[in-house]
Amino acid sequence: MSVIRTAVTGVGSFLPEQVITNAELSKTVDTSDEWIVERTGIRQRHKARDDQPTSDLAVEAAKRALEDAGKSVSDVDLIIVATTTPDKTFPATAALVQQKLGAPVGIAFDVQAVCSGFVYALSVADGFVARGMAKCALVIGAEEMTRLMDWNDRTTCVLFGDGAGAFVLEPREGQGTKDDQGILGFALRCDGSKTDLLYVDGGPATTGTVGHLRMIGNQVFRHAVVNISEAIVSAAKAADITIPEIDWFVPHQANQRIIRGVGERLGLDENRVVSTVDQHANTSAASIPLAMDVAIKDGRIKRGDLVVLEAMGGGLTWGACAFRL
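Just so you know, we're using numbering that gives the first Met the number 0 here: the sequence shown kicks off at 0 and counts up by one.
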C-alpha cells in the first residue's frame, strides 16, 4: 500500500561563539569541573551574545539544514520553532525566522514543550507534510537557556547552554512498512501533576518577569529514566520495530547519567548512543538536532539508518520518535 511519509532530508545546527568551561564557572559559583563532570558529564556550554536573540541562532541552523537538503529558502512553506526562550512574548519566533530568512508567506508558529519541544514539533510537522499541507518544512529547536539561569544556583546554572538545530522535512512515497524512508512512529506524553519538579518562576501573566529556572533534580532524574524508556518502547511499537533493530539512539542531551540509565534499561549498545552533552550541555529543544547533526557530519549516522529520538522536559513532558533517515 502506497503512503506518504515525512522524510528528514536535511539537518543543520549552530552554536554561539562564546564557550564557558566548567573551570570558568567555578570562579563565580561554588562548583568544580570534577563535581560537574561526575554528576552530569558536562564539560562546557555555549552562550549567546546579549545582542544575539534566539531567532538568530534558529536562522543560522535553518540555513545549514536547507543547504544540506539542497533546498532554497523560497521552497519553505512551513516553519515550526520549538523554543522555551522566544525573542518576544509575541509574535512567534517562527515568524521572525521567516522574516530573517526571507522565506515566502506560509505557515509559521512556535511549539512550547520545553526539552521535549523538538519531538513534539516533529509530530506536528508530520501532520502537515504527510497530509499534503506542506512540501518543505523547517522544524527548528532553538534555545538560549542561559537567559533563564540563576547564576547563584550551582545545581542548575551548570547544566544549560545555548544553541539551535534544524531538520528539513519533505514528503516521500513509501509502502507503509518499517523499511520506508521517513517518520515511522511517535509516543508523546505529559503529566501536568509534576509541574513543580521543573519550571521557571516567572511569566507575563503571573510575575510580569522572565523568571529563573528551578528544578528538583533528583526527582526529575528518577522520572526521566522510567518515562523515557516507556516512550521509546511505545514509539518502537508504533513504528513496528524492535529495540534491537534500532541503529542509532539520539537522546535529549540533559545529563550523561540519564542517557546511560535509559540505554542500560533498554539494553541499547552504548556504541549506538549519540552523546554530545559534554560539549553542549543541556540546550533544551535544540539538543536533539544538535546531536543528530554532529553524528551525521562525523559519519556515524548514514542514510537508511533507523534512528530513535527521545526527550523529557518541564511539564513534565516527554516523548520519542522513530524514523528511517
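Hints are computed from structural coordinates only; laboratory data are not their basis.
All of these numbers come straight from a predicted model, not from anything done at the bench.
Certain hints may be false.
What the hints assert, rightly or not - Derived DSSO-like pairs (lysine-lysine); straight-line CA-CA distance at most 30 Å:
| # | residue 1 | residue 2 |
| --- | --- | --- |
| 1 | K177 | K134 |
| 2 | K301 | K62 |
| 3 | K99 | K296 |
| 4 | K301 | K177 |
| 5 | K99 | K62 |
| 6 | K134 | K70 |
| 7 | K296 | K62 |
| 8 | K99 | K87 |
| 9 | K62 | K26 |
| 10 | K301 | K236 |
| 11 | K134 | K62 |
| 12 | K301 | K70 |
| 13 | K193 | K134 |
| 14 | K70 | K177 |
| 15 | K87 | K236 |
| 16 | K99 | K177 |
| 17 | K26 | K70 |
| 18 | K296 | K134 |
| 19 | K26 | K99 |
| 20 | K87 | K70 |
>> Would the hint linking K301 and K70 be met if the CA-CA limit is 30 Å?
In response: The given pair, whose Cα atoms are some 19 Å apart, holds under the 30 Å limit.
> Hey, K301 versus K236, does the alpha-carbon distance stay inside 30 Å?
Replying inline: Between K301 and K236 the Cα gap is close to 23 Å, so the pair holds against 30 Å.
> Is the Cα-Cα distance between K301 and K177 30 Å or less?
Replying inline: holds (17 Å)
> Taken at face value, is the distance from the CA of K99 to the CA of K26 at most 30 Å?
Replying inline: violated (37 Å)
> Straight-line Cα separation of K99 and K87 no greater than 30 Å?
Replying inline: holds (15 Å)
> Keeping to a limit of 30 Å between CA atoms, is the pair of K296 and K62 held or broken?
Replying inline: Cα-Cα ~16 Å, so holds.
> Between K177 and K134, does the CA-CA distance stay at or below 30 Å?
Replying inline: Holds, because 22 Å separates the two Cα atoms, which is no more than 30 Å.
> Keeping to a limit of 30 Å between CA atoms, is the pair of K26 and K70 held or broken?
Replying inline: Given that 30 Å is the threshold and the Cα spacing comes to 45 Å, the pair is violated.
> Are K134 and K70 close enough, with their CA atoms no more than 30 Å apart?
Replying inline: holds (11 Å)
>> K87 and K236 were given as a pair; does the straight-line alpha-carbon distance stay at or below 30 Å?
In response: violated (39 Å)
> Is it true that the CA of K301 sits at most 30 Å from the CA of K62?
Replying inline: holds (21 Å)
>> Against the 30 Å threshold, does the CA-CA distance of K193 and K134 hold or violate the hint?
In response: Violated, because 37 Å separates the two Cα atoms, which is more than 30 Å.
The structure does not agree with the numbered hints 9, 13, 15, 16, 17 and 19 stated previously, though it agrees with the rest.
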